[in-house]
Structures are given as structure tokens and as C-alpha cells.
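Asker: So the sequence lines, in the order shown, correspond to chains A and B.
1 is the number of the first residue of the first sequence in UniProt numbering; add one for each residue after it.
1 is the number of the first residue of the second sequence in UniProt numbering; add one for each residue after it.
Copies of the same chain look alike in the list, so a pair counts if it fits in one copy or across any two.
The calculated lysine-lysine pairs, modelled on DSSO-like cross-linking and capped at a C-alpha distance of 27 Å, are:
{"#": "1", "residue 1": "Lys159", "residue 2": "Lys110"}
{"#": "2", "residue 1": "Lys192", "residue 2": "Lys84"}
{"#": "3", "residue 1": "Lys159", "residue 2": "Lys92"}
{"#": "4", "residue 1": "Lys178", "residue 2": "Lys192"}
{"#": "5", "residue 1": "Lys41", "residue 2": "Lys55"}
{"#": "6", "residue 1": "Lys159", "residue 2": "Lys178"}
{"#": "7", "residue 1": "Lys185", "residue 2": "Lys27"}
If you are wondering where the hints come from, they were derived from the structure by calculation, not from laboratory data.
Since the structure is predicted, the reported quantities are computational estimates derived from the model, not experimental observations.
There are 2 protein chains.
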Amino acid sequence: MQSEGLKLILSGPSGSGKGTIVKELIKEENFVVSISATTRKPRVGEEHGKHYFFKTTEEFEEMIAKEELLEYANFCNNYYGTPKAFINETIKSGKDIILEIEVQGAMQAKSAYPDAILIFIMPPTFEELQSRLIGRGTESNDVIEARLNRAREELLAFKEYDYIVINDNLEDAVTDIKQIVQAEKLRSYRYKSYIEQMLSN
Amino acid sequence: MQSEGLKLILSGPSGSGKGTIVKELIKEENFVVSISATTRKPRVGEEHGKHYFFKTTEEFEEMIAKEELLEYANFCNNYYGTPKAFINETIKSGKDIILEIEVQGAMQAKSAYPDAILIFIMPPTFEELQSRLIGRGTESNDVIEARLNRAREELLAFKEYDYIVINDNLEDAVTDIKQIVQAEKLRSYRYKSYIEQMLSN
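Using the sequences and the accompanying hints, generate a full structural model.
Answerer: Printed below as a string of C-alpha cells:
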């Protein structure tokens, strides 16, 4: 049955390893990662339409006005946002789109796309999260403390998600997500036209 | 994470092959098939507590009165029903229970167990269902016609189910159900105590 791809929204606290999981998933051709639009200047090696859709501030604000963005935010005087068009084209082609969004953006995305599948990536324990953040050795204690507090808050949002994937082991976490995708493709609402056609013959 | 098993309700029209699927599933030790209670006499080889729970009419009516049955019906002056106790013991042990119930019983079961997972087994096409029913060669045309009409009605109930599994190929259908089970074990509501404990440390 050829049908629309799924919209997968992945969130998880810093240190949950969601970036690595996404990199693993998109090795399979049915997964496409959402491309953000931004007004910041391209860095060396970054390509338009691959890493970002690079926009002028005027273009970006026009996208906002036309409601062409699923969600957007402004960091350090640059806009970042998720264009709906790319998501819609991807799912129409039958591929599954992955949106890596933080908790608040995920809630916005869910209200725009009620059929999106929300997956929360978790560290196995809070201590593990702590040691992963410290392990990077790149952040000050204050930054780590702030991130842990934020992680604690974000973890409380788990109830708003459809699924929890505990990232104890990368391979298992990737398998979990693939199984969620397989199961979600068997949801009854996706079979409406198939069954109606079957019965009309 | 040790937690309760799932309650899987499998329905599907006669000829959908759900019986064969159940036989395949219970080869895995995490699946247990629900055992019915009945007042009919045991046939040769049938064991109490394995094929059925054999009850006197008085015992059965006491189970009805005490609301110990998930659903029950009377065929040819014999009661048949699904005891809740066996279901509850099974899921408490962490195993997943399979209930093979027809559409109407499945709706009753869903209202008793809102967290039950409803899976509808479908033939790949209506023609295939027809040829499977005729292929048995054991039924008259009238019986086949009546079953097809009933199948048509039952198929319309697909919307009430969580998932659709098309039984085109036995192995694929069994894999689909296993993937549904794996995904359902990742549902966020199942992680409530896990996450609360994680954050309380």
C-alpha cells in the first residue's frame, strides 16, 4: 500500500544522544531529516537545500507572514524555523520525515500536525545524563547545572509524547524507533481508502 | 523495565487466518492465549485449564453474577466466556495475553480494558477471502454467502481497531504483530513510574 510517509518528532534533553540516533536513522532511505530555514550566513561547506535553506530576513519574515513555517525562533539576531513545504513534499513522496525539535517546539508541531508521532529520547538514568554532559569536558559547571535543570523539566514533559525510547545502547534505540515506525504504518486510519475500495468491488 | 504484559485483542472475518497467526505467535514464550470458560462437556483430549476452564452451569452463572467474565455468550445451550482472572494473572507475570474475539465481543472488551490493543486481521482482497472460504470445500454456498456478508459488515468495523494487519503472507503478518507489540511497550504511559523514580533520585 503506497501512502504518505510519517511525521516523526524527536525530542530529548541535551545528552540524550538524539543527534546520533538521527544520523543512524537517515542511513536508511525511507528517512529524511527536516531542513531548517535560517537567516544566518552559511558556514564553510554548508549548502543551501542540504544543511539549511538560507534566507534573507525579508524572505524569512514573508514565510512567517504566510504561515509557511511549522515553528520558528530567533537566536542571536538570526531566525531559525521549520518550513512546512519541505515536510509536505517529503511525506507525499512516501518517505518519513524526522523533525528534531525541543519540547516546546514539539508541542507547537503537534498542534499543527495532530497525526505527527512524538518520540521522547531519554538517557537510561539521570546519573548517566549527568556524566554524558560532564564527559564532553567542554562546558563549565554552571552550564552543566543549567542543562541538568532544564533536562529535569523536559523529562517531565514525557507524558505529552506518544513513545519513550531509552538510549542505553545506540543500536537498540534505533531499532526501537524503526519498530515504532513499522507499527505506526499499520494504524487503522491509514487503511481507510484501502478498505473502502476493497468493499466497493 | 519489568512491567505488565499487554492485552492484545485479535479479530478478523472468518477466512482471515487469525487462528493460524495466533498459533504462530504463541510459539514465543512472551505470548499466552486467553483460555475460555465453558459449560459444555470436555471432548476427548481436552484438558481443564489448558483448552478450557470447564464449569457447571451453576459455577458459570456465579461467574456472571460476580462480573468475573470479560464477555460471555450462550451457544446451543452452552455458556462460553472469557475469565478476567486468567487475563490479569498473565499480564501481571509480564506476559502478553492474546484474546481472539469477534468484532462485537472486542468492542465489549475494549470498554472493560481501555488499554487493550485492538488488531484487525484482514485478507489481502475480498476475492482472496472468498476463495479461502470456498477453498475449504466444506461449506454450502449459502453458508459461504452468509459468511461473506458478515465479513463485509465486520470489515466496516476496522475504524474501531488500533491496527490493521493484512494477512497476505503468514510470516509477514506475524512480524507485523510483533512490531506492534514492541512499539506498544514503548508507549509513554508505561514509563510513568520509571521516569518519576528517575527524577526523584
